[in-house]
Amino acid sequence: MPEQDKPIVTVDVVLLTLREESLHVALARREHEPHAGAWTLPGGWVHTDEDDDALAAAVRILKAKAGLESPYLEQLKTFASRHRDGRGWSVSIAHYALAPFDRAISESIEWRAVDAIRTLPFDHLEILHTAVERVRSKTGYSSLPVHLMPATFTLSELQRVYEQVLGTQLDKRTFRRRIEELDLVEPAAGARNEGAAHRPAQHYRVKRRFGRELALSDRTLG
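Residue numbers (this note's numbering): 1 to 222.
Think of the hints as simulated: they come from the structure by calculation, not from any bench. A couple of the hints might just be wrong.
Below, a list of computed lysine to aspartate or glutamate pairs in the EDC-like style, where the Cα atoms sit at most 16 Å apart [unchecked claim]:
id, residue 1, residue 2
1, 65, 31
2, 6, 85
3, 77, 53
4, 77, 20
5, 207, 171
6, 172, 157
7, 138, 163
8, 63, 51
9, 63, 126
10, 77, 126
11, 65, 110
12, 207, 183
13, 138, 74
14, 63, 50
15, 207, 180
16, 77, 133
17, 207, 186
18, 65, 133
Required output: the full structure, derived from the provided sequences and hints.
Rendered as structure tokens:
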């Protein structure tokens, strides 16, 4: 195949966190044309000599561009066409990642509220919208938002994160029953703070067996 006919193969990552009570996405400044100097989703070429697969490429890119290791990371969708990149036929294997804000601080990235972004180079706005839709959809029936939490948290804090991601309030009793059904969290020994009426609020942590996996259920949290 002639060099000019080979498709460009990249991996782009939608890195999301909660900041100021809303979802924010990490953007990185492009160093080269096209769109040199513009803020885009962190991404890069697949390195066929070192990346075993697309996930390995996404892990490498997150570490290099955002200084982040071992967040929740999942493949999102493949975006491919002759029109998405002016250099020619292009394929992006997009991923999305979730991390608490205190783990995702890096001088090389800029955080922007996802609902305030109106334009991005290439088709990155479409990739961003697809990722946010996926996260909000899965939040209704899964443990996904726990990957935005610190090491320990109260159930009220966890519910608030679910609400911030979904953009709606949840019934307290229904939410806590759902978290119990997921068998997701366990008490964190010795971790308490002052709650309502000055009663100590129990802190929890995600059960170790969940690791980076997603706990799914067919029923919603509504």
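Checked hints:
1. 65 with 31: Between residue 65 and residue 31 the Cα gap is close to 12 Å, so the pair holds against 16 Å.
2. 6 with 85: 13 Å, holds
3. 77 with 53: 15 Å, holds
4. 77 with 20: This hinted pair is violated, its Cα atoms lying about 28 Å apart.
5. 207 with 171: Since the Cα atoms of residue 207 and residue 171 sit roughly 24 Å apart, the hinted pair is violated (cutoff 16 Å).
6. 172 with 157: 12 Å, holds
7. 138 with 163: 13 Å, holds
8. 63 with 51: 13 Å, holds
9. 63 with 126: Violated, at roughly 24 Å.
10. 77 with 126: Holds - the C-alpha atoms of residue 126 and residue 77 are around 11 Å apart, at most 16 Å.
11. 65 with 110: Given pair residue 65, residue 110 holds - Cα atoms ~11 Å apart, limit 16 Å.
12. 207 with 183: 8 Å, holds
13. 138 with 74: Holds, at about 12 Å.
14. 63 with 50: 15 Å, holds
15. 207 with 180: Within the cut-off at roughly 12 Å; holds.
16. 77 with 133: 12 Å, holds
17. 207 with 186: Answer holds: residue 207 to residue 186 is near 6 Å, not above 16 Å.
18. 65 with 133: Violated, because 24 Å separates the two Cα atoms, which is more than 16 Å.
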